[in-house]
Amino acid sequence: MNKTDHPITANDARAALESLASASNITANSMRPPLWLILLCAVSLGIKTAAMGLMINNSLWNNIQWGSYMVCCLCIASWIIALRAKGITIKVVDVNITKAALISALLICTLLVSSRVIHLQTGSLLFPYIAGALNTLILAYGLHFGLRWNAQEKEKN
Amino acid sequence: MATVCFDELIHAPNRLKICALLAPVTSLEFVTLCEQLGVSDSVLSKHIKSLDDAGYVVINKKTSEGRQRTWLSLSPKGRKAFAGHVEALKEIVG
Numbered sequence: 000m001n002k003t004d005h006p007i008t009a010n011d012a013r014a015a016l017e018s019l020a021s022a023s024n025i026t027a028n029s030m031r032p033p034l035w036l037i038l039l040c041a042v043s044l045g046i047k048t049a050a051m052g053l054m055i056n057n058s059l060w061n062n063i064q065w066g067s068y069m070v071c072c073l074c075i076a077s078w079i080i081a082l083r084a085k086g087i088t089i090k091v092v093d094v095n096i097t098k099a100a101l102i103s104a105l106l107i108c109t110l111l112v113s114s115r116v117i118h119l120q121t122g123s124l125l126f127p128y129i130a131g132a133l134n135t136l137i138l139a140y141g142l143h144f145g146l147r148w149n150a151q152e153k154e155k156n
Numbered sequence: 000m001a002t003v004c005f006d007e008l009i010h011a012p013n014r015l016k017i018c019a020l021l022a023p024v025t026s027l028e029f030v031t032l033c034e035q036l037g038v039s040d041s042v043l044s045k046h047i048k049s050l051d052d053a054g055y056v057v058i059n060k061k062t063s064e065g066r067q068r069t070w071l072s073l074s075p076k077g078r079k080a081f082a083g084h085v086e087a088l089k090e091i092v093g
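So the protein sequences, as listed, match chains E and A.
Oh and the first sequence: position 153 is 152 in numbering that gives the first Met the number 0, straight run, nothing missing.
Oh and the second sequence: position 24 is 23 in numbering that gives the first Met the number 0, straight run, nothing missing.
No lab work stands behind these hints: they were computed from the structure.
A hint or two may mislead.
Subject to a maximum C-alpha distance of 20 Å in a straight line, what follows is the list of computed SDA-like cross-link-like pairs (lysine to any residue) [what the hints assert, rightly or not]:
#	chain 1	residue 1	chain 2	residue 2
1	A	89	E	21
2	A	45	A	89
3	E	85	A	40
4	A	89	E	8
5	E	90	A	43
6	E	85	A	38
7	E	85	A	36
8	E	90	A	38
9	E	85	E	75
10	A	89	E	6
If the Cβ cut is set under 7 Å, some of the chain A residues that face chain E in the computed set are [said to hold, decoys possible]:
#	residue
11	23
12	35
13	91
A few chain E residues that don't get close to chain A, going by computed Cβ distances all over 12 Å [to be verified]:
#	residue
14	35
15	56
16	57
17	64
18	99
19	117
20	144
Backbone N, C-alpha and C fix where the C-beta goes; we use that ideal spot for every residue, glycine too.
With the sequences and hints as input, model every part of the structure.
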C-alpha cells in the first residue's frame, strides 16, 4: 500500500525536493575529479587537438598526438578506478545525457576535426593552436562544473 | 517521462536521500553511502532492508583484498518508482 494520491502538503513536497537537490550536490562533489587530473586531462586533449591539425607529413606531431591521446585516456581511466576505490561506480555511458554535456561534446569533436580540415585547406598554423586552447578550456570547465550542472539540470527536468 | 506516482516508502527522508544518491551512479558502497548520509550502519541497514523488500534496491556483496564490500544500486523498478515520486513531488509543488 505504498501509493497514495496527495498525502503531503506543498511545503513538505518543496522540502523533500530541496533535500533531493542537496543529495545530488553531495554526489556531484564526491564524483568530481581532483583539479590536477582535470588540468592534465584538459591540457592533453588540447595538445591532441593542436597536434592533430599540425601532424600532416610530420611524424613528431603524429607521435605527440597519440601520446597526448593516451595520457587523456589514462586520466579518465585513473579517475574511474579512483572512484571505484572510494566506493562509487559511475555510469560510463549515461543515456540521460544533458543538453549542455551534449553541446560540449559536439563542440570538442568539431574543434578536433576543424583543426585538421582548416589547416589542410588554408595552411593556417594558428588555427590548430586556437582549437587546442579552446578544447582545453571547454573540457576543464566541463569536468570542473559539469557534474553539478548535470545534477541541477536533472532536478529542473 | 516517468509516470507520476507518489510513493510513501521512498518519501521517508533518509530513504529519499538514499534513492537520490543511488540514482546518478551505477552503484555505491555501503560504507560510502553511510558517510554521505551521515547515519550509522544499523540505521542504513534498516532503510536498505525496506527498499530491498520492495525490490527497489539491488544488494551485491563482493570480497576484495580479504574484506567484504557491499555494493548497492537502484533496480530498474526502483529507478522508475523514484522518478515517478520526484514527478509527483514536483506536481504537488506546482
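Structure-based check of each hint:
Of the pairs offered as hints, the one joining residue 89(A) and residue 21(E) holds, with about 16 Å between alpha carbons and a cut-off of 20 Å not exceeded. About 27 Å separates the Cα atoms of residue 45(A) and residue 89(A), which puts this hinted pair outside 20 Å; it is violated. Annotation: proposed proximity of residue 85(E) to residue 40(A) holds, straight-line Cα distance about 17 Å (limit 20 Å). Taking the CA atoms of residue 89(A) and residue 8(E), the gap is about 12 Å. The hint holds against a cut of 20 Å.
Proximity of residue 90(E) to residue 43(A) is assessed by CA-CA distance (about 23 Å); at most 20 Å being required, the pair is judged violated. For the hint linking residue 85(E) to residue 38(A), the alpha-carbon distance of about 18 Å falls within 20 Å, and the restraint holds. For a cut-off of 20 Å, the pair hint linking residue 85(E) to residue 36(A) stands: about 15 Å separates their Cα positions. With a CA separation close to 25 Å, the supplied pair residue 90(E) and residue 38(A) exceeds the 20 Å bound.
With a C-alpha separation of about 15 Å, the suggested pairing of residue 85(E) with residue 75(E) holds against the 20 Å cut-off. Distance check on the hinted pair: residue 89(A) and residue 6(E) sit about 14 Å apart at the alpha-carbon level, within 20 Å; holds. Interface restraint check for residue 23(A): the shortest CB-CB distance to chain E comes to about 5 Å, inside 7 Å, so the restraint holds. The criterion of a C-beta within 7 Å of any C-beta in chain E is met by residue 35(A), whose closest approach is roughly 5 Å, and the hint holds.
At a threshold of 7 Å, the smallest CB-CB gap from residue 91(A) to chain E is about 4 Å, leaving the interface hint in force. For residue 35(E), the shortest C-beta to C-beta distance to chain A comes to about 22 Å, beyond the 12 Å cut-off, and the non-interface label holds. With a minimum CB-CB distance of about 44 Å to chain A, residue 56(E) clears the 12 Å threshold, and the non-interface call stands. No Cβ of chain A comes within 12 Å of the Cβ of residue 57(E); the nearest lies about 42 Å off, and the non-interface call holds.
For residue 64(E), the shortest C-beta to C-beta distance to chain A comes to about 32 Å, beyond the 12 Å cut-off, and the non-interface label holds. Consistency note on residue 99(E): stated as away from chain A, and its beta-carbon is indeed over 12 Å from all of that chain's, at 15 Å minimum. With a closest Cβ-Cβ approach of about 38 Å to chain A, residue 117(E) is found to remain outside the 12 Å limit, as its non-interface label requires. At roughly 16 Å from the closest C-beta of chain A, the C-beta of residue 144(E) stays outside 12 Å, upholding its exclusion from the interface.
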